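From first to last, the protein sequence lines stand for chains A and B. Residue 1247 is where the first sequence starts when you use my numbering, and the numbers rise one by one after that. Residue 1247 is where the second sequence starts when you use my numbering, and the numbers rise one by one after that.
No wet-lab data here; the hints were simulated from the structure. This structure is a prediction, so every number in the text was calculated from the model and none was measured.
Same chains, same names: a pair is fine if it fits in one copy or spans any two.
Pairs of lysine-lysine, PhoX-like flavour, derived with a Cα cap of 25 Å:
hint: 1; residue 1: LYS1566; residue 2: LYS1527
hint: 2; residue 1: LYS1566; residue 2: LYS1499
hint: 3; residue 1: LYS1318; residue 2: LYS1449
hint: 4; residue 1: LYS1326; residue 2: LYS1503
hint: 5; residue 1: LYS1348; residue 2: LYS1499
hint: 6; residue 1: LYS1302; residue 2: LYS1318
hint: 7; residue 1: LYS1566; residue 2: LYS1326
hint: 8; residue 1: LYS1527; residue 2: LYS1348
There are 2 protein chains.
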Amino acid sequence: MKFTCQKSILQEGISTVQKAITGKSTLPILNGIHIKTNQNELILTGSDIDLSIETKIKSDIIEEGSIVIDAKIFGEIIRKLDNDTIHIDTIDNNSIEIVCNKSRFTLIHMNSEDFPELPNINENMIFSIPQNILKNMIRGTIFATAQDETRPILTGILFEIKDKNLNLVALDGYRLALKSENLDTDNIINAVIPGKTLSEVSKILEENEESVNITFTPNHILFSIGETKIISRLLEGEFIKYNSIIPEEYNLKIIAKRIVLLNSIERASLMGKDGNTNLIKFDIEDENMVITSNSQLGMVREELNIILQGEPLQIAFNSKYLIDVLKIMEEDEVVIELSSSVSPCIIKNKNTNNCTYLVLPVRLVNN
Amino acid sequence: MKFTCQKSILQEGISTVQKAITGKSTLPILNGIHIKTNQNELILTGSDIDLSIETKIKSDIIEEGSIVIDAKIFGEIIRKLDNDTIHIDTIDNNSIEIVCNKSRFTLIHMNSEDFPELPNINENMIFSIPQNILKNMIRGTIFATAQDETRPILTGILFEIKDKNLNLVALDGYRLALKSENLDTDNIINAVIPGKTLSEVSKILEENEESVNITFTPNHILFSIGETKIISRLLEGEFIKYNSIIPEEYNLKIIAKRIVLLNSIERASLMGKDGNTNLIKFDIEDENMVITSNSQLGMVREELNIILQGEPLQIAFNSKYLIDVLKIMEEDEVVIELSSSVSPCIIKNKNTNNCTYLVLPVRLVNN
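Build the full structure now, drawing on both the sequences and the hints.
In structure tokens form, the structure reads like this:
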């Protein structure tokens, strides 16, 4: 195998496929990048079996072939080379030679035949969505996935397509995040994608309106973003019927300025931090909400103006869950729907109906 | 005690004195900031005994007094408050009340009488130097201080004033860093300042030409920077006679472009990293220097143009020590003086005679 490639192009390609390489695999071959010539381009692939990323980059191919090369050291070498043309050539002793101006590296490579084959996916494109919208939907839900593996299905995000809508849903037993967008498709899909996959997909997605194409098979999802393909296995099992958790009715409704509320909660949470309970109490009355918290260090009282429709209420929360939601939301004003001090709290945008957040309250001993 | 203060001013003051507070002291009082009213200002002090920082900030004093307040929680609260006037007042139960707009905190305070007194230093100013120059001198030497406590004196930097020169010297047994500046004083000083102190001093020093005033006592050094005073104990013991280590003669001299040499060494070091030896070899001949390194992963060969005065030489180094020096130097070209493959290597600026770096070579088995 022999080719030349511009340093910046090769570096970007490596950086893309490295997102699938954990570097901690017990199989050495999975710590490598698979490089294969293909007419006037290179196909780079990284994989940890569950997640594989493949990207195509421009290259002058002088002699065809394929190798696997340790991703970490190869990435470091390419990154440190001059910003110029890089020449790569297989030489004796299972090695490649990397030459760029007056720098010359010899590096042992692995056998490309040992690299796992990617799942064969028939690219009947099922739907496509602008990159910035998908990126935003992932960002708006991924924080609510479960971090422990007690219930593996909750470490993923539900991709649900129905009624010409794409819904992304994450929940961890204490809170739920739902983002929705219209989608021009009659397909019906119900698949759970690992959170790790979507975290890497989100890094590759750009803030523009170009499309990402998404294909499903019974066991896999394929994202095609420009010259890059991301293939991930799906999580097995049934996702929780999230619709039955979200209450449709409420007894009181608050409208609040999002940043003012966020700042007040963040300050109130400083006192709760010490005992690691993050407990804050809301005292909602007329045009006024009082947030309090205390610990052995002292106490805090925050007051803010709200619009209240309904009866006054006292309710307590783990401040972390509210902070996560209010930080991720985008509108200036939020609507909070409550029913009782032990019922779920629903947070929505005031104007756009594209997200629903649910946070469970903390039941106080003296209630 | 009762006062008001602008949030941004109080926050900056806290941030300055927090640099002396490790937060890990077994004496709770040392995790606190001492706050004392003083006419129309507050004096804030943080201390870990070895290092104390005191700063004065503008404040409207309504009632005099002094308290000690936990630095971490106090700093977090002030940082999160609205950017407006903060009202602080001592109330019952050893507490203070912090009020800013609609935020109200009650926080337990400690007894200011338990706070250690700062060493009394007679501020006969011994010398003054522009902040940016001192900052640069610290930056140019601190990396060469010893990181382990085997020989405590080597964890400090020697401040030597003689012959109208200020010299800062650090060494750790493998390399030495010396920075010099002219100083208009007839004093003679020889004191070793803890590296930790200078690291914090360096963060407080600004990139401008305003003066920092420096006073010595037999056991302490005092830096006065604007409204801030930093007092540190000196390290006990005799510093190594560094002059006897720096060779005055050499057999060959190289002139090289600093960044080109740095990049070549950084690339060559990628191969040495795996075995953690960082070993790179120089092969110096005429207008050409070849740098090589190898490990079980492969090998690297870098070539660069140099100007050589003297005989060819082969010599090996720990790449880390050369990288540290070449990164910190500022001129485009460096001069390297060598005598043999087992003698120290001296690195200097080509044009300005304000620094001397020494790196010991690695003795190769086959030499």
